[in-house]
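Enquirer: One-letter residues, chain by chain:
Protein chains: 2
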Amino acid sequence: MSFELHPRLQADTLTLGDAPLSRLLLMNDARYPWVILVPRRPTAREIYLLSEADQQLLWQESAAVSRALMEACPGDKLNVAALGNMVPQLHLHHIVRRHDDPAWPAPVWGHSAAVAYEPEAAHRRMALIRATLILPLQTVPETSS
Amino acid sequence: MSFELHPRLQADTLTLGDAPLSRLLLMNDARYPWVILVPRRPTAREIYLLSEADQQLLWQESAAVSRALMEACPGDKLNVAALGNMVPQLHLHHIVRRHDDPAWPAPVWGHSAAVAYEPEAAHRRMALIRATLILPLQTVPETSS
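Those protein sequence lines, which keep their order, are chains G and F. For what it's worth, the numbering used here labels the leading residue of the first sequence as 12, then goes sequentially. For what it's worth, the numbering used here labels the leading residue of the second sequence as 12, then goes sequentially.
Okay, chain G solo, but in the shape it has when bound (with noise of 0.2 Å):
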């Protein structure tokens, strides 16, 4: 069983690459500085049942995105989140929160329908994003995207 990016997360998003176990994409919010993970692993629906290298991976993963986030696009605070009420498929949240932005200090998931970014400040903020990264990210084929 092969991976897939779920569609709803495809039609949300715009893609970061590939770090050694998740996709990286970022929400198609030019409100927040959002990136999420996907684990490429095609069954995935919970954190503690990955296994324990995964985890590892993952948090690792996490904490590489989380700080690049907030050196590339400065905030009062993160939140990291593993929801999936609505999408099944495993993934992680990191948004950066600020005191004057739309939700603040209630949650961004279901506040106000998303603000897609203009092209090119999405080529600024995920070139911003991947160049503030330590982490191996591969490009993702389009075909697979």
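Treat the hints with care, as some may be off.
Unchecked claim - So the derived list for chain F, only partly shown, Cβ under 10 Å to chain G, looks like this: (1) 20; (2) 51; (3) 73; (4) 87.
Quick caveat, the hints were computed from the structure, so don't treat them as lab data. Each residue gets a CB set at the ideal place from its N, CA and C atoms; glycine is no exception.
With chain G's structure known, arrange chain F on it following the hints.
Expert: Using the frame of chain G, we list chain F on its own:
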């Protein structure tokens, strides 16, 4: 600087005990099986800023709590989240969600006011979680709980 639980967490929860890194709290909301881990590090605000050893402990404790909660109080999905927009002290939520719970599929935070446990029900749930948990758990003295 010694560890003191944030007054908001103190007021909203019942104390399960101290694991090697974290204080374990049961959210006093009978509608959701909901355990919060609070690393006993006075200045901690973000997971990625903990030492590597502490991060590893936190994720081990998180996996143990996740497994125990889903075994003791089975549900459809586990939500795991470090938000901290309201309470800056680092804390990690673990919430068993069910398709028939009041907030499903929305996040629980900010959905509706908590429904406190009856004392007997709280006692039963805490005993069940403690019995299922594969973690050394120390009683927290009254004065510091």
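Enquirer: Any of the earlier hints contradicted here, and which numbers?
Expert: When the structure is compared with the hints, numbers 1 and 2 turn out to be violated.
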